[in-house]
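The sequence shown begins at 1 in this note's numbering and counts up by one.
Incorrect hints may have been included.
[What the hints assert, rightly or not] Within a straight-line C-alpha distance of at most 27 angstroms, the following computed DSSO-like cross-link-like pairs (lysine-lysine) qualify:
id, residue 1, residue 2
1, LYS184, LYS214
2, LYS24, LYS52
3, LYS59, LYS173
4, LYS184, LYS52
[What the hints assert, rightly or not] So the derived label-pair ranges between C-beta atoms look like this:
id, residue 1, residue 2, range
5, ASP53, ALA101, 14 to 24 angstroms
6, ASP180, LYS214, 14 to 24 angstroms
7, ASP53, LYS214, 13 to 23 angstroms
8, ASP53, ARG168, 14 to 24 angstroms
9, ARG16, SER157, 16 to 26 angstroms
10, LYS215, THR167, 20 to 30 angstroms
11, ASP53, GLU14, 35 to 45 angstroms
12, GLN176, ILE103, 38 to 48 angstroms
13, GLY13, GLY116, 22 to 32 angstroms
Simulated from the structure, these hints should not be mistaken for lab results. Every value quoted in this text rests on a predicted model; they were computed, and no experiment measured them. We put the CB at the ideal spot given by N, CA and C, even for glycine.
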Amino acid sequence: MEDCIREFEIGEGEVRPTLHIVQKTIGDVGCVVWDAALVLAKYLERLCSEEKDFLRGKKVLELGAGTGLVGLVAAYFGGDVTLTDLPEMFPLLGENVRRNALICEGRATSKVLIWGWDLGQSKNEIPRPDIILVSDCIYYAESVDPLIETLLEFSDSETLILMSYETRMEFEKHAQLERDFFDKMKKSFHETEIPKDELHPEFTSDDIRVLRFKKR
């Protein structure tokens with residue numbers, strides 16, 4: 001796979017801290033930084049600008065981390081972050097964690113986590129999260145139930161789940177997938193959509209939603 005570097009600047013000043021995210025130009029969907037990840041990362045930045053300790057010292061779990069951008073932004077703002085993905089994504093994820101470790105105020109570690117599989121063992125290895133991050137992971141029908149099972153396993157009524165995803169309603173198959181996912185989520189979680197005016201003004205789109213979930 002060929003590599004390229006995606007630079008992600010944090011803040012609004014003339015001199016901005018920058019995360020350097022390795023992407024694979026050839027590979028699976030997790031090998032690049034998707035727009036929904038950018039929107040969620042900038043939303044975290046905005047939350048931390050309004051509440052300095054929003055992430056500082058919090059246990060954070062990212063599911064389906066891909067390149068790791070969102071979780072690394074959380075670590076930059078002081079979170080104790082565990083970034084997880086499938087075994088085949090682990091080398092890329094680990095490389096990005098190592099590459100950006102020194103710039104982060106908090107701590108970032110990478111682990112393999114397969115949704116819905118051996119979750120009891122995974123819970124022993126991953127700190128109980130205060131916040132769970134999920135970005136653009138509603139993609140394959142076969143992953144819907146395992147993702148929800150994993151969210152249920154790692155959360156309680158106090159856990160904040162932040163999720164971003166890009167709607168793809170022009171494809172009927174994907175539109176049905178989204179409906180199925182959210183219908184199932186509503187059985188176990190309270191859902192709140194983040195208004196567009198609370199997102200970063202330069203990192204928002206009518207096709208990208210950011211949601212908060214809390215377990216019922």
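Are the Cα positions of LYS59 and LYS173 separated by 27 angstroms at most?
-> Violated: LYS59 and LYS173 sit about 35 angstroms apart, past 27 angstroms.
Range agreement (Cβ of LYS214 with Cβ of ASP53, hint 13 to 23 angstroms) | 20 angstroms, holds
27 angstroms Cα cutoff - pair LYS184, LYS214 = OK: LYS184 and LYS214 at ~14 angstroms, within 27 angstroms.
Cβ separation of GLY13 and GLY116, checked against the hinted range 22 to 32 angstroms = The hinted range 22 to 32 angstroms is violated for GLY13 and GLY116, with Cβ atoms some 43 angstroms apart.
Holds or violated: are the alpha carbons of LYS24 and LYS52 at most 27 angstroms from each other?
-> Between LYS24 and LYS52 the Cα gap is close to 33 angstroms, so the pair fails against 27 angstroms, i.e. violated.
Okay, ARG16 versus SER157 on CB: inside 16 to 26 angstroms?
-> Check failed, 37 angstroms falls outside 16 to 26 angstroms.
Please test the hint of 14 to 24 angstroms on the beta carbon pair from ASP53 and ALA101.
-> 21 angstroms, holds
Determine whether the Cβ-Cβ distance between ASP53 and GLU14 falls within the hinted range of 35 to 45 angstroms.
-> Since ASP53 and GLU14 have Cβ atoms about 26 angstroms apart, the given range 35 to 45 angstroms is violated.
That 14 to 24 angstroms hint for ASP180 and LYS214 (C-beta), does it hold up?
-> Because 21 angstroms falls inside the window, the suggested range holds.
Does the hinted range 20 to 30 angstroms hold for LYS215 and THR167 at CB?
-> Holds, since LYS215 and THR167 (Cβ atoms, about 24 angstroms apart) stay within the stated range.
Distance restraint evaluation - GLN176, ILE103, Cβ atoms, bounds 38 to 48 angstroms | Given range 38 to 48 angstroms: holds, Cβ gap about 41 angstroms.
Holds or violated: LYS184 with LYS52, Cα cutoff 27 angstroms?
-> 34 angstroms, violated
Consistency note: the structure conflicts with the earlier hints numbered 2, 3, 4, 8, 9, 11 and 13.
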